[in-house]
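Enquirer: The residues making up each chain are set out below.
There are 2 protein chains.
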Amino acid sequence: MLKLYTYFRSSASFRVRIALNLKGLAYEAIPVHLLRDGGEQHAPDYRHKSPLGTVPVLETDNAIIIQSLAIIEYLEETHPVPALLPVDSLARARVRAIAQTISCEIHPLNNLRVLAYLKHTLAADEAVRNVWYRHWVNLGLAGVETQLHQSSETGVYCHGDAPTLADCCLVPQVFNARRFDCSLEAMPTIRRIVAQCETLDAVQRAAPANQPDQE
Amino acid sequence: MLKLYTYFRSSASFRVRIALNLKGLAYEAIPVHLLRDGGEQHAPDYRHKSPLGTVPVLETDNAIIIQSLAIIEYLEETHPVPALLPVDSLARARVRAIAQTISCEIHPLNNLRVLAYLKHTLAADEAVRNVWYRHWVNLGLAGVETQLHQSSETGVYCHGDAPTLADCCLVPQVFNARRFDCSLEAMPTIRRIVAQCETLDAVQRAAPANQPDQE
Numbered sequence: 001m002l003k004l005y006t007y008f009r010s011s012a013s014f015r016v017r018i019a020l021n022l023k024g025l026a027y028e029a030i031p032v033h034l035l036r037d038g039g040e041q042h043a044p045d046y047r048h049k050s051p052l053g054t055v056p057v058l059e060t061d062n063a064i065i066i067q068s069l070a071i072i073e074y075l076e077e078t079h080p081v082p083a084l085l086p087v088d089s090l091a092r093a094r095v096r097a098i099a100q101t102i103s104c105e106i107h108p109l110n111n112l113r114v115l116a117y118l119k120h121t122l123a124a125d126e127a128v129r130n131v132w133y134r135h136w137v138n139l140g141l142a143g144v145e146t147q148l149h150q151s152s153e154t155g156v157y158c159h160g161d162a163p164t165l166a167d168c169c170l171v172p173q174v175f176n177a178r179r180f181d182c183s184l185e186a187m188p189t190i191r192r193i194v195a196q197c198e199t200l201d202a203v204q205r206a207a208p209a210n211q212p213d214q215e
Numbered sequence: 001m002l003k004l005y006t007y008f009r010s011s012a013s014f015r016v017r018i019a020l021n022l023k024g025l026a027y028e029a030i031p032v033h034l035l036r037d038g039g040e041q042h043a044p045d046y047r048h049k050s051p052l053g054t055v056p057v058l059e060t061d062n063a064i065i066i067q068s069l070a071i072i073e074y075l076e077e078t079h080p081v082p083a084l085l086p087v088d089s090l091a092r093a094r095v096r097a098i099a100q101t102i103s104c105e106i107h108p109l110n111n112l113r114v115l116a117y118l119k120h121t122l123a124a125d126e127a128v129r130n131v132w133y134r135h136w137v138n139l140g141l142a143g144v145e146t147q148l149h150q151s152s153e154t155g156v157y158c159h160g161d162a163p164t165l166a167d168c169c170l171v172p173q174v175f176n177a178r179r180f181d182c183s184l185e186a187m188p189t190i191r192r193i194v195a196q197c198e199t200l201d202a203v204q205r206a207a208p209a210n211q212p213d214q215e
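Residue numbers (this note's numbering), protein chains in the order written: chain C, 1 to 215; chain U, 1 to 215.
Calculated from the structure, these hints are not laboratory results. Keep in mind that a hint or two might mislead.
If several chains are the same, the list does not tell them apart, and a pair holds so long as it fits within one copy or across any two.
Below 20 Å or equal to it, Euclidean Cα-Cα: the simulated EDC-like pairs (lysine to aspartate or glutamate) are [unchecked claim]: (1) 23 x 61; (2) 49 x 145; (3) 119 x 37; (4) 119 x 45; (5) 49 x 153; (6) 3 x 45; (7) 49 x 37; (8) 3 x 77; (9) 3 x 61.
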């Protein structure tokens, strides 16, 4: 059975949990607590799987795959139904671009290790860190909102009327945004799509609150 | 003809230039100066193409594609020879994971807009910004070095004996690392692979020094 090394509140883990659930793939969740004991992700056994100590990691019978989008592309290639990418190459590029706007322009600036650097090395207090967090979320999600509302290819979901890789990334990013009180007032398309996603059992089961390691 | 909106020193643009050259695809380079006049990427016409004002943008006869890895995946699907991804799904996941370690864990923390935020909003002086820059490069490239040296699939290039998407990302990241005097002493595999990449005409022609907008 597939094993997923995951942390309940990790946005990148949440993406992969949604993808696994959408594809109906059973997996064993192996919690990696990012804060306990200085971070379980730094244990040598885990670092052997994930050199940077990031979650998630997908372990198959014969391989270890890191990086959430690489994992989802792997799942898409090996379990193509239901598809998380459209067929047409331009449409695939659009879906990947939305996913990457989130995974390359927003999330990397706001993960735990960056917030820890701001706190411990730059002596940024909580208020300053929250402004930082919201700045990148607001900027990035405003870009995603534009990508979504200016395209006729946006449907019930980010692309058409079935969930894709883009939705797998959008839902966790919006979860984070809400957690840090970022305003989504100016982002009606994002709010509409995420509300739709949240009606899906696959998304609900992937939510942080429904993980075995949730606190 | 394909149009590439590019900035000579942009690492993400550099990735796509390498990919275009490796595939032998002619393109028109349209420079977008990220520093002049407050940043040409913020001009309304450009922001219509790229909502966040990021480079590169690929413009085809009938579409606009943003995000460097989405662009390269599009080129791979529409011009599959020479391949920049292996055939096997696990191998493809490995190549994408290396590319994403660079594009999601290193580069986002060090691009111009983040350095500008550190300077203007957090009042971080140049020395502090350089420590920040090198911290994320060292951490991230150490992870890539581990990914490379611990796998028997690493060859002359990051994966086997032909350049892939991973090399398209590694070369620009190492260019940036050198520019900011990051030590690559502990990264012999990366140094060996990048030296090999730099013998390729496709890589040389993509280098910042050989762009029409280089300064």
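Enquirer: Does each hint fit the structure? Answer for all of them.
Expert: We went through each hint and held it up to the structure:
| no. | hint | verdict |
| --- | --- | --- |
| 1 | 23 x 61 | within (18 Å within a copy, 34 Å between copies) |
| 2 | 49 x 145 | between (35 Å within a copy, 14 Å between copies) |
| 3 | 119 x 37 | within (18 Å within a copy, 33 Å between copies) |
| 4 | 119 x 45 | neither (28 Å within a copy, 38 Å between copies) |
| 5 | 49 x 153 | between (38 Å within a copy, 16 Å between copies) |
| 6 | 3 x 45 | within (15 Å within a copy, 46 Å between copies) |
| 7 | 49 x 37 | within (19 Å within a copy, 46 Å between copies) |
| 8 | 3 x 77 | within (18 Å within a copy, 30 Å between copies) |
| 9 | 3 x 61 | within (9 Å within a copy, 44 Å between copies) |
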